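**Q** Each protein sequence line maps, in turn, to chains U and L.
Heads up: the first sequence at position 60 corresponds to 60 in UniProt numbering, and the numbers run straight through without jumps.
Heads up: the second sequence at position 32 corresponds to 32 in UniProt numbering, and the numbers run straight through without jumps.
Derived from the structure by calculation, the hints contain no laboratory data.
Owing to the predicted nature of the structure, the values given are computational and were not obtained by experimental measurement.
We put the CB at the ideal spot given by N, CA and C, even for glycine.
Be a bit skeptical, because a hint or two may be false.
Stated by the list, open to error - Which chain U residues stay away from chain L? Per the calculated CB distances, all over 10 angstroms, these: (1) 12; (2) 43; (3) 49; (4) 50; (5) 63; (6) 118; (7) 144; (8) 162; (9) 171; (10) 174; (11) 177; (12) 230.
What the hints assert, rightly or not - Computed from the model, here is a short list of chain U residues facing chain L with C-beta under 8 angstroms: (13) 38; (14) 42; (15) 192.
As a plain string of letters, each chain reads:
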Amino acid sequence: MNEQRVLIVGATSAIAEATARRFAARGHSLYLLARNGERLESLAADLRVRGAARVFHAPFEANDLDAQEALLARVDSELGGIDQVLVAHGTLGDQKACEASVEATLQELNTNALSVIALLTRLANRFEAQRHGCIAVIGSVAGDRGRQSNYVYGTAKGALAIFLQGLRNRLAKSHVQVLTIKPGFVDTPMTAAFPKGPLWASPEKIAADIERAIERKRNVLYTPFFWWPIMAVIKSVPEMIFKRLSL
Amino acid sequence: MPIQGWGRYPSVDARIDLPLTVSALAGQVAGGDGLIARGMGRSYGDSALAPHILGTRALSHLLAFDETRGLLRCAAGTTLAELLAVFVPRGWFLPVTPGTKFVTLGGAIASDVHGKNHHLDGCFSAFVESLVLVLGDGSRVACSRHERPELFHATCGGMGLTGVIVEAELRLRRVESAYIHQTTYKAANLEEALALFEAHHGTTYSVAWIDCLASGASLGRSLLMIGEHARDRQLVLSAGRPLSVPVDSPALLLNRYTMQAFNSLYYNRVRTAESRQRVSYDSFFYPLDGIHQWNRLYGRQGFLQYQFVVPKAAGLDGLRSILARIAESRRGSFLAVLKAFGPANANLLSFPVEGYTLALDFKRERGLFELLDELDERVLEQGGRLYLTKDARMSEATFKRSYPLWERLQAVREQYHARGTFTSLQARRLGLE
Ligand SMILES: Cc1cc2nc3c(=O)[nH]c(=O)nc-3n(C[C@H](O)[C@H](O)[C@H](O)COP(=O)(O)OP(=O)(O)OC[C@H]3O[C@@H](n4cnc5c(N)ncnc54)[C@H](O)[C@@H]3O)c2cc1C
Ligand SMILES: NC(=O)c1ccc[n+]([C@@H]2O[C@H](COP(=O)([O-])OP(=O)(O)OC[C@H]3O[C@@H](n4cnc5c(N)ncnc54)[C@H](OP(=O)(O)O)[C@@H]3O)[C@@H](O)[C@H]2O)c1
Numbered sequence: 001m002n003e004q005r006v007l008i009v010g011a012t013s014a015i016a017e018a019t020a021r022r023f024a025a026r027g028h029s030l031y032l033l034a035r036n037g038e039r040l041e042s043l044a045a046d047l048r049v050r051g052a053a054r055v056f057h058a059p060f061e062a063n064d065l066d067a068q069e070a071l072l073a074r075v076d077s078e079l080g081g082i083d084q085v086l087v088a089h090g091t092l093g094d095q096k097a098c099e100a101s102v103e104a105t106l107q108e109l110n111t112n113a114l115s116v117i118a119l120l121t122r123l124a125n126r127f128e129a130q131r132h133g134c135i136a137v138i139g140s141v142a143g144d145r146g147r148q149s150n151y152v153y154g155t156a157k158g159a160l161a162i163f164l165q166g167l168r169n170r171l172a173k174s175h176v177q178v179l180t181i182k183p184g185f186v187d188t189p190m191t192a193a194f195p196k197g198p199l200w201a202s203p204e205k206i207a208a209d210i211e212r213a214i215e216r217k218r219n220v221l222y223t224p225f226f227w228w229p230i231m232a233v234i235k236s237v238p239e240m241i242f243k244r245l246s247l
Numbered sequence: 001m002p003i004q005g006w007g008r009y010p011s012v013d014a015r016i017d018l019p020l021t022v023s024a025l026a027g028q029v030a031g032g033d034g035l036i037a038r039g040m041g042r043s044y045g046d047s048a049l050a051p052h053i054l055g056t057r058a059l060s061h062l063l064a065f066d067e068t069r070g071l072l073r074c075a076a077g078t079t080l081a082e083l084l085a086v087f088v089p090r091g092w093f094l095p096v097t098p099g100t101k102f103v104t105l106g107g108a109i110a111s112d113v114h115g116k117n118h119h120l121d122g123c124f125s126a127f128v129e130s131l132v133l134v135l136g137d138g139s140r141v142a143c144s145r146h147e148r149p150e151l152f153h154a155t156c157g158g159m160g161l162t163g164v165i166v167e168a169e170l171r172l173r174r175v176e177s178a179y180i181h182q183t184t185y186k187a188a189n190l191e192e193a194l195a196l197f198e199a200h201h202g203t204t205y206s207v208a209w210i211d212c213l214a215s216g217a218s219l220g221r222s223l224l225m226i227g228e229h230a231r232d233r234q235l236v237l238s239a240g241r242p243l244s245v246p247v248d249s250p251a252l253l254l255n256r257y258t259m260q261a262f263n264s265l266y267y268n269r270v271r272t273a274e275s276r277q278r279v280s281y282d283s284f285f286y287p288l289d290g291i292h293q294w295n296r297l298y299g300r301q302g303f304l305q306y307q308f309v310v311p312k313a314a315g316l317d318g319l320r321s322i323l324a325r326i327a328e329s330r331r332g333s334f335l336a337v338l339k340a341f342g343p344a345n346a347n348l349l350s351f352p353v354e355g356y357t358l359a360l361d362f363k364r365e366r367g368l369f370e371l372l373d374e375l376d377e378r379v380l381e382q383g384g385r386l387y388l389t390k391d392a393r394m395s396e397a398t399f400k401r402s403y404p405l406w407e408r409l410q411a412v413r414e415q416y417h418a419r420g421t422f423t424s425l426q427a428r429r430l431g432l433e
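Okay, chain L solo, but in the shape it has when bound (with noise of 0.2 angstroms):
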């Protein structure tokens, strides 16, 4: 069976296979070679491709909950919208949230996700009290902070190539709505987009969109969202349905005209420097979970995911020279996002370190592999590197280069028996094997 990512490029038969119990997930990883686990597929590249899948979703129950200190102990495979549905009535919240509630928990992990609050708290992984991973040989073995660091900080953001984690224990966020209190900042250029993170350092959640097509005075032009949970006793959201692209559109539709008349439209929509809104939870964090498949908007050829980060170091100039050569290609963006990042933490392969992340889509088409492995060079150059989680195409020299804890995480992976056991698309292409 043909499977893909997100981005639906690349493309691998394989075997899937969807374990009803720990045991036979255990079984099937004891007897097999060259497996990878898979969640909800929500990884844009070949992270979670492999000849032999293990799929975690039928693992999907809540093991237990305190609700004196919000820890949740739960199955890999849920996914967080299951955990919003079950909790936020109750007045809890997840810590750290990507862009879409549709990853498992054992993704999050995995690709230890950052989410609009990273600035202030961390990746997802910050949140999780402790895991439990199924090993190379079958075996089961429980890992955290303080029992068996090493394999704790290489599993999260390890990208499934330690084992695969069954289960974890996640501390959620006491809120007291389901609503957030956003306010929208228009930034005319980057310069002004980078003041307005630096402006609002302190507030919880932060984004900006950013119009990758806009040139000259105008690089970086941008809106900045940020937000702060309401404490309005509202817990339940009004129910809407959700839309859903259907077929493959004609890629005709995505060509760089309608994105640009796109692109302008939206930021012609806030009319203000600054308006403000309620908004649900919904509509702040997960904007295109409302259109599901909405990856079938790029057309049979798929889309590439690019996500970079620079440090702060590199700061406007670092960034800015990037967004040009983007801006200049004209290949431009359905979508690009900007992000202030917080410090890096202690994980082997977690992607963010303090600065700034950028991104956006690119339809596949010919010439961009060439345009892409151009701006890794940049990228690198600033001292940044790519979101593996994102990414279809990064050369082995490119990653080894900007990921230098590779080699302790190959050790950890000889430790416990992930070698010739555990392996993805990615994990060849980039010399993890």
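Extracted from the complex, chain U is given alone in its bound form (with noise of 0.2 angstroms):
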């Protein structure tokens, strides 16, 4: 792949930081949005020492959708384009806080989905009319079926896939790959208070097939794989039933 032009959204998650090396060994240049700006400098420094030709970055806070287009603007000049774009930021927020406060319910769904639909849609306009391109979005397996432990979460990366389902439906003939990335349990700081594992992954692994997955063109990816099987089964579980589960 020759060098690419890559906006990284939610620059500084552990996720984004793993992915973002990985494009800087390849030498791309990057553009790094985060709300965290002193782990966002450091972060630039480091994707320069690795071998990104070019590394910009600036201050993003999701839920400010006014902010977007002049962020936008900003971009493109700075880096003149963009060839690929990852949206990684997410929280995982308390789902007996979201049960208790409609504002806490609503807050998540607006970091989660509503900022990224926001942005997408700005997005998808200019990759439309580029005609080429990737648009990358970390979602999660939790979309995939509402459960009583993080149906808040849920909802919100439910609603992105498909929202995305829809776009890659779009940009289909404009040769615009959309991209749902669905990783399972990752062990980064989103997930530091919770004991790990067989299953759980690194941010190392999930970048990998991240990369390649952009590389082959995939349309969904379920990371580590064996996550494919078991959403697979827990979609097919008849509702009659998992009601009754405690999931």
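Hints in hand, dock the two standalone chains.
**A** In structure tokens, the structure reads:
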């Protein structure tokens, strides 16, 4: 692959950082957007040392939807265009807190779904016009079926998946790849409080899968791969039975 | 959450934080007490254990690289494995490396680790130009041999007791290949082994694998491996998949009969007195890294590594008396490594002194601590000492007798607000409160 201009949204997420390192090693040019300014700056330095052709960065608050257009204009002018975008920001909100508060629920939906949908709406038109490129978005296996333990997060990720399906259908004729990434359990700051077991993967593993899926023009990526059969089974359980399970 | 070192003994119920930025880390230091930094947890005992642990693994960014001088500025939670992956293909190698690459830069500095080239190049800190430390009051300071030298010399080898290293400048070594020319020599006993070390003093890397169960005339029989970087311009290794020990093996697997069989198989595998090979840097420096979590081989009880150094003056006889006691105990070791050290450096707690060091594992079982106490006596009699990063049990008296500069460490810790903030189970045991 020759030099690509890649926009990474939520660039300081552990999964995004690991993926960005692979892009840097290939000599791509990167534009990083993230909320944590201190980490963003040191990440930019890291990616330069690792071989990225050019690295830009700017602060980004997902829920400031009004700032998006100006931000994209800035990316366009500094990076000179966008060949690939990876959207990675997200929050694994507290399900119990969401049940107790409408504000908390809407906040989760805003950050995980609406902010992404807003951004993709703007980006899709650019990609459709340029007739090439890749839009990769991190969803989750949690979006495949609603479960009592995290259905607010799941709702957001599920909405994203359907939005991306439609977008893929729309952009196929423009030769734009739309990749829905569905990780299982990944050991990152988001899941720091969870006890880890054999189903857990490292962000580096997810990053390697993402890179390969982009290269192979895939549509949907379950990562690690074994989540595909696991979710196939979970999705196939009839609702009559499923509703009684404590999942 | 129960946390342990590599030897899986002892264990502490700890809270672990993994700050994402230096500012976040500094905030936790300023608000905390009784905390200690932890990198990859490859120290064997209780050096990186405390009720509150500050993990550095999220601080793993490379910050700047001066390609002409090989000078890398880097966050302290970066592992040596990560550095090798980036820099070997560009023709740079670590100036000093321990026997595992799964350690952090901060951990390598805090233990002032040594490698197979200590006799020529010294410890890891010899290649550290400067570092940035978060002190007990949450402030951030730089230090080097020229700036706050007392803090630098207390921190290199200081086992995390002066503050949290967050950044360092490391001088890398130019190489022309990812491969090593290795030559293996057989030594029938300790005397031959030491003579081989002398004879190969000028070779960059040397280490001996020693059969600690052999006794009598074969006491100290060993294989000496020396190596030099190849110059064949092949900077990229062909990949292999690591093995892993997925569950705790029954401790039975490691009784002395299996170990004896292992030892003689290993020794006899090398048929000629001298053999040459071209091997990857991975297989030369990190033979055990190919088996993830090999520490589980010792079972749930865990194990202790015992590494001591005896000064050159004690020589063959000193080493022999200790080795004889180990052989006699029949408690044996899966791995015993013998290495020649060059001169000591100016750091307050760095382990190496000119002489010989032996490192071996003991499964934790009844009677072991008594044996180790006895070995401590012999080591101290010879003017030697134990390596803090391997230690889980030496007494305060043993430590203070053999690390006479500990009082200067305490003075520096006092001056830089470390006392009362940074402490580990080991520091408490050794009277370094
Ligand atoms: C298989 C194996 C082989 C080894 N071979 C060698 C060898 O050949 N030579 C050798 O010298 N050592 C060797 N070691 C020991 C190892 O190199 C050291 O224990 C090293 O310090 C481990 O680094 P770590 O990142 O895992 O640190 P940890 O084990 O997490 O911590 C070790 C010490 O460093 C301190 N520390 C860690 N990070 C920081 C920081 N950022 N700031 C301040 N203090 C910090 C901790 O508080 C603790 O006191 C070996 C260990 C193993 C498991
Ligand atoms: N970890 C898993 O098990 C797992 C599984 C499936 C899917 N995922 C998805 O993978 C993606 C990456 O997560 P991760 O696991 O790498 O966790 P992570 O390291 O915690 O990353 C999450 C990132 O989202 C950013 N973010 C959150 N809210 C934001 C906002 N309002 N504005 C801007 N940025 C915001 C965070 O920024 P701050 O640092 O500033 O908070 C952080 O960088 C997420 O979409 C997540 O849902 C993760």
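**Q** Look at each hint and say if it fits the structure.
**A** Checked hints:
1. 12: Per Cβ check, residue 12 of chain U is inside 10 angstroms of chain L; nearest 7 angstroms; violated.
2. 43: Since the minimum Cβ distance to chain L is about 6 angstroms, residue 43 of chain U lies within 10 angstroms and the statement is violated.
3. 49: Incorrect as stated: the minimum Cβ-Cβ distance to chain L is 4 angstroms, not above 10 angstroms.
4. 50: violated, 6 angstroms
5. 63: holds, 20 angstroms
6. 118: Fine: 26 angstroms to the nearest Cβ keeps residue 118 of chain U off the interface.
7. 144: Check passes; 28 angstroms lies beyond 10 angstroms.
8. 162: Label holds. Min Cβ-Cβ 32 angstroms, cutoff 10 angstroms.
9. 171: Nearest chain L Cβ is 34 angstroms from residue 171 of chain U, so the label holds.
10. 174: At about 37 angstroms from chain L, residue 174 of chain U clears the 10 angstroms cut-off, so the statement holds.
11. 177: holds, 28 angstroms
12. 230: holds, 20 angstroms
13. 38: It holds, given that the least Cβ distance between residue 38 of chain U and chain L is near 4 angstroms, below 8 angstroms.
14. 42: Result: holds, 4 angstroms to nearest chain L Cβ.
15. 192: With a closest approach of 6 angstroms, the residue 192 of chain U hint holds.
This entry does not satisfy hints 1, 2, 3, 4, going by the numbered hints stated previously.
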